[in-house]
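S.K.: Read off the chains here:
Number of protein chains: 4
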Amino acid sequence: MRLALVGAGRMGRRHAANIVAAGHELAAVCDPDPKAAAQVSRLTGARRMELGKMLAAGAAEAVVIASPAAAHAAAAAACVRAGVPFLCEKPLGADLAASRRLAKLAAERGAYGMVSLNRRYDRQFGMLRDGVKKGQVGKVEIVKLVSRSEKVPPLAYVKSSGGLLRDKGAHFFDLACWLTRQLPVAVQATGKRLFCPELAAADDHDTAMITLELADGALCHFDFSRRAPYGQDERVEIMGSKGMLQCSFPPAHACVRVRADGVAEAAAPKSTWQEHYAPTYAAALDAFTASLRRGKPPPIPIGAGLLAELIAAAAARSIASGRRTPVDTAGIDPACVAA
Amino acid sequence: MRLALVGAGRMGRRHAANIVAAGHELAAVCDPDPKAAAQVSRLTGARRMELGKMLAAGAAEAVVIASPAAAHAAAAAACVRAGVPFLCEKPLGADLAASRRLAKLAAERGAYGMVSLNRRYDRQFGMLRDGVKKGQVGKVEIVKLVSRSEKVPPLAYVKSSGGLLRDKGAHFFDLACWLTRQLPVAVQATGKRLFCPELAAADDHDTAMITLELADGALCHFDFSRRAPYGQDERVEIMGSKGMLQCSFPPAHACVRVRADGVAEAAAPKSTWQEHYAPTYAAALDAFTASLRRGKPPPIPIGAGLLAELIAAAAARSIASGRRTPVDTAGIDPACVAA
Amino acid sequence: MRLALVGAGRMGRRHAANIVAAGHELAAVCDPDPKAAAQVSRLTGARRMELGKMLAAGAAEAVVIASPAAAHAAAAAACVRAGVPFLCEKPLGADLAASRRLAKLAAERGAYGMVSLNRRYDRQFGMLRDGVKKGQVGKVEIVKLVSRSEKVPPLAYVKSSGGLLRDKGAHFFDLACWLTRQLPVAVQATGKRLFCPELAAADDHDTAMITLELADGALCHFDFSRRAPYGQDERVEIMGSKGMLQCSFPPAHACVRVRADGVAEAAAPKSTWQEHYAPTYAAALDAFTASLRRGKPPPIPIGAGLLAELIAAAAARSIASGRRTPVDTAGIDPACVAA
Amino acid sequence: MRLALVGAGRMGRRHAANIVAAGHELAAVCDPDPKAAAQVSRLTGARRMELGKMLAAGAAEAVVIASPAAAHAAAAAACVRAGVPFLCEKPLGADLAASRRLAKLAAERGAYGMVSLNRRYDRQFGMLRDGVKKGQVGKVEIVKLVSRSEKVPPLAYVKSSGGLLRDKGAHFFDLACWLTRQLPVAVQATGKRLFCPELAAADDHDTAMITLELADGALCHFDFSRRAPYGQDERVEIMGSKGMLQCSFPPAHACVRVRADGVAEAAAPKSTWQEHYAPTYAAALDAFTASLRRGKPPPIPIGAGLLAELIAAAAARSIASGRRTPVDTAGIDPACVAA
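Chains as they are written, first to last, in this note's numbering: chain Z, 368 to 706; chain Y, 368 to 706; chain W, 368 to 706; chain L, 368 to 706.
Because the hints were derived from the structure by calculation, they are not lab data. On a predicted model such as this, the values are computed, not experimentally measured, just so you know. Cβ coordinates follow ideal geometry from the N, Cα and C atoms, glycine included. Among the clues, some could well be false.
[Stated by the list, open to error] List of simulated lysine-lysine pairs, DSS-like, C-alpha gap at most 30 Å:
#1 Lys559/L with Lys501/W
#2 Lys471/Y with Lys526/Y
#3 Lys526/Z with Lys506/Y
[What the hints assert, rightly or not] Short, incomplete list of chain W residues facing chain L, as computed with Cβ under 8 Å:
#4 Ile509
#5 Thr557
#6 Phe562
#7 Thr578
#8 Gly610
#9 Gly689
[Said to hold, decoys possible] Counterexamples of contact, computed for chain W against chain Y with all Cβ distances above 10 Å:
#10 Ala438
#11 Leu472
#12 Lys500
#13 Gln641
#14 Thr647
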């Protein structure tokens, strides 16, 4: 397949490598920074083009959007208008309003757009979803998600990415709905600045707890932190009427030292989330190109991205008000999490 | 030490056995049910007496109160008025108002009363508290407590015991404050009847999630369920600026079967919470009698019991209102959790 | 049941307590040391009697033999001659010849004798045996047993108990045969004095590895050490054509501390083997009295004790010669491990 | 660096990919099978050449030997004679005599040759070796190594590779010496054909247990199986006077399902040993080229490969004779495991 890449930064280069490794042609790369674009071009032979011209020229069958978050919506809208399928990193827009506009436009035009909620392609999370689907836990009652990052990202990134709830949260709000195949109803949330007071400048928090009620009554809890002293920590647990499913990242500790005082120390070669989730980006790309080839709808529709942002927005309001806050899912097709 | 026992039911008989095993004399047993009292009397040689007469006669140096929850406060108040030290099962009173009255009375009279929050004597929880105290996790940021029972208790017990928040919750609200040695500030809570609709008759829930803010900003989360399909499940996790501490019940799975499909099945001889926590009841009794002998204040003062009930009451109000609800700790001595 | 106890030392007192707790009458206690006998008598009301007189007087329906190892055979032989059933601690005799003589005598007289290989009553080992019996591992191919003690026993105990192979080894040689329900064929062994040179005085080793071939070809490996720096360590693993079963002691680590460097420290309240295996002594006594009451054969026949000693003797010869050494099982009824 | 590759089969292609990925030039590929050579040539641009001509032409600065085992020694000898450094897959020769001749020749000529015992580059094993070196276990007493493959290799491979002891065993015999930094003294071994009778044709076994005594008295045990029903299983444990170190492959089970009967099922996405050890081949290549560039001696000298084969040969003799068999390490430089 002949693809174009929008955004030649860190995430863009990752996509470029995956595109080549999967045997696709990277026909064009679009980035306002000529140096970044040139680097991707050198590595892959892609032509450096301005996005509008590239779409007008029909240079690519599909577009992968990996620009900074604030630029996603404009690039995606251009693809929609040109009738070119696209795979877009989350979030869809710079803010909820922008995301809503994009989703509306895409729906009106019947556009083919996939949002890259790549954690859906993690094999462990996949095993959990299969288990729920097969009925291994029965009716879902309690869902717990932990996401604690290794370290606080730069303040500039926090501001541009949408902060704890839209940036980190979106992945896990989506996971909760996708794993249980349910839409959310309401949210209660609390946020704190416990170790990173400078986040006040971005009106953001370093630590948050969110309780989300799902359509059939199950309670989900999210515990988010921008910094776990011991490294990246992500866990999912789903309890229902018949059992429980759990998984964690990193999956385990590889080497054990049993000390003379009887304490067992378990250590593993450290891995970053980038290493850990690397296969999911390639898998998301495969799912995108495979669905296009077969004329199928996108595996993760735009609505899924919008839904994650709607939950983030409701959680933000709940932190501010201290109140249980409904999540407005009007217009969201349940299939975006339940397919 | 010469002790009397109030209440000869299941919990009373457990106390009777521990009293004898610890080498104390069980001088008297008080229970309105003559059959129950007779059974304890036969086992231990204790005299069957009415509580008022027993106190008047000075039959015991101290009293252990293990009657049904609704009768705790009256028995404790009688001990206070008679100037006899007592160890009382939680909750202190039939409702928060009764508990407040008892706490006030005990404070006015300078009474010696200990509330039996026995989980404080679990060795694993003790290891966690020591770890926090020694600074192993640094400044506490996130606390997670799971408490899921093996099965829903009889409706009559639910009604008399105070329900999910006062009965089960009290232990874990106390643990959260005691492990971190902090008072609470506010609570957000959600409750559901997911599998036990008949709890509506007791205005109670089978599943609840509670987020508690502590004095220094740390966030605690509680996930309570009246029925885990796989058995009793209690876990505590404390993350801070320097690391994380975790423990769980049952502690582990003893036997592993690795199947031909590569799946490892881990199973343990089942143990009930009664077996698991049996040593904590004996340890609580030891702590009570030892502190009396040495003329020390009670290791778990009445204020600790009242604090747990105050959190439960605030959580109940938050479930009803959907709002973040302050916990009123006026008059609670921080030493009751921080000593 | 009316029982007598031979031996009022540490192990004898344990049996005395179990006898009383199980509701049996301890009618008599026999110990040449009047002080030891008096202590058991005071605790239980048992009469102090000389063994021969006790048997002649018909003072007990059955006898529990818990004297020092060197005295086992004489006491057991007296019971055989008097026609009184007995439960005997292992080893049967001071040496293999004494054990053979006792087994021969018991067989000739059709005596009821049970040897107390108490690890057979551990619930975890029981789960493993059930798994093998149900075919969970298919045809057994590899068996691994680890037994490392917390500390080197006193030299006097080593000398009287039969040393590493007869004392510690017997339990595990029996377990290997009992778990797989097979007789042994041959053994290869190596012994070392790595940290306890004074064991040379007892011609014993502190560390040994033994490979045992079973009747159907499976290979068992034993790794024995008199001192694990981190505490008692016992593990069993059974691999076959369809899967693997594993268990370990202590079963698990209860509390986990994840440090800032990502290392997870797991610690448990320490337990000694005496605490860990305490329930197995009571269970062995129950099995003994229950089989007597129902007129059934002893659950662990004398042959099982002899078999364990035969393996120990062959292993000792292999250490000395460096050669694969057959285990002579002529006359051993396979039912003693396979029932 | 400009490299040549001898052998364009499965292992050769792996090396070719690693050479390119590491940024080296693959100048030439030598394989008698023109199709295999052509495939590597197409992928990498390497010239297809006959080994002798390639060496004569000075086409490469160093050679990677990945031909079938029987052809290793001839290729390595050619490199030695041409004075070209080489990295050779194990075993060195078709049999012990061939390996000895190669080692002798290399020593005489002062050749630069590295044997690719790639497990030394596994990060977990590396953590264990570092732990031993730092004294975390104190004086080593007991070493246990498990190596059970997923399935029996084809009989043709068994015959050409040297069988269970030379093929699989060599890696683990080397690990035992390298982890403890000690030479071996003597070996006791037992071999069985439990599930693969056709191995009789290769005079080989499917299951073996080997006990190896190290220079300072520590006992090592190896349990080898050609087929674990649940998949590849490799484990290492080292106990000493101060503690224990352990690691296992696969390191852990990622997803846990706790069933309604309380059994926890742990499953992980399956990984083959090829996936698991993939990074070690790249790391071995890096170590080889880095040492060449810096003018350092080879990180794994030929002597290490010879030592592993000497242990394998002694183990084979012990299986045949049933006797403890010395390992002749005359002429082996201890530095090959202790550096």
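S.K.: With reference to the structure, classify each hint as holding or not holding.
M.R.: Evaluated hints:
1. Lys559/L with Lys501/W: holds (25 Å)
2. Lys471/Y with Lys526/Y: holds (25 Å)
3. Lys526/Z with Lys506/Y: The given pair, whose Cα atoms are some 26 Å apart, holds under the 30 Å limit.
4. Ile509: holds (6 Å)
5. Thr557: holds (5 Å)
6. Phe562: At 6 Å from the nearest chain L Cβ, phenylalanine 562/W passes the 8 Å test, so the hint holds.
7. Thr578: holds (5 Å)
8. Gly610: It holds, given that the least Cβ distance between glycine 610/W and chain L is near 6 Å, below 8 Å.
9. Gly689: Because about 3 Å separates glycine 689/W from the closest Cβ in chain L, which is inside the 8 Å limit, the hint holds.
10. Ala438: The assertion about alanine 438/W holds, with a minimum of 33 Å to chain Y.
11. Leu472: Given that every Cβ of chain Y is farther than 10 Å from that of leucine 472/W, nearest at about 39 Å, it holds.
12. Lys500: Lysine 500/W clear of chain Y: closest Cβ-Cβ about 13 Å, beyond 10 Å.
13. Gln641: holds (16 Å)
14. Thr647: holds (12 Å)
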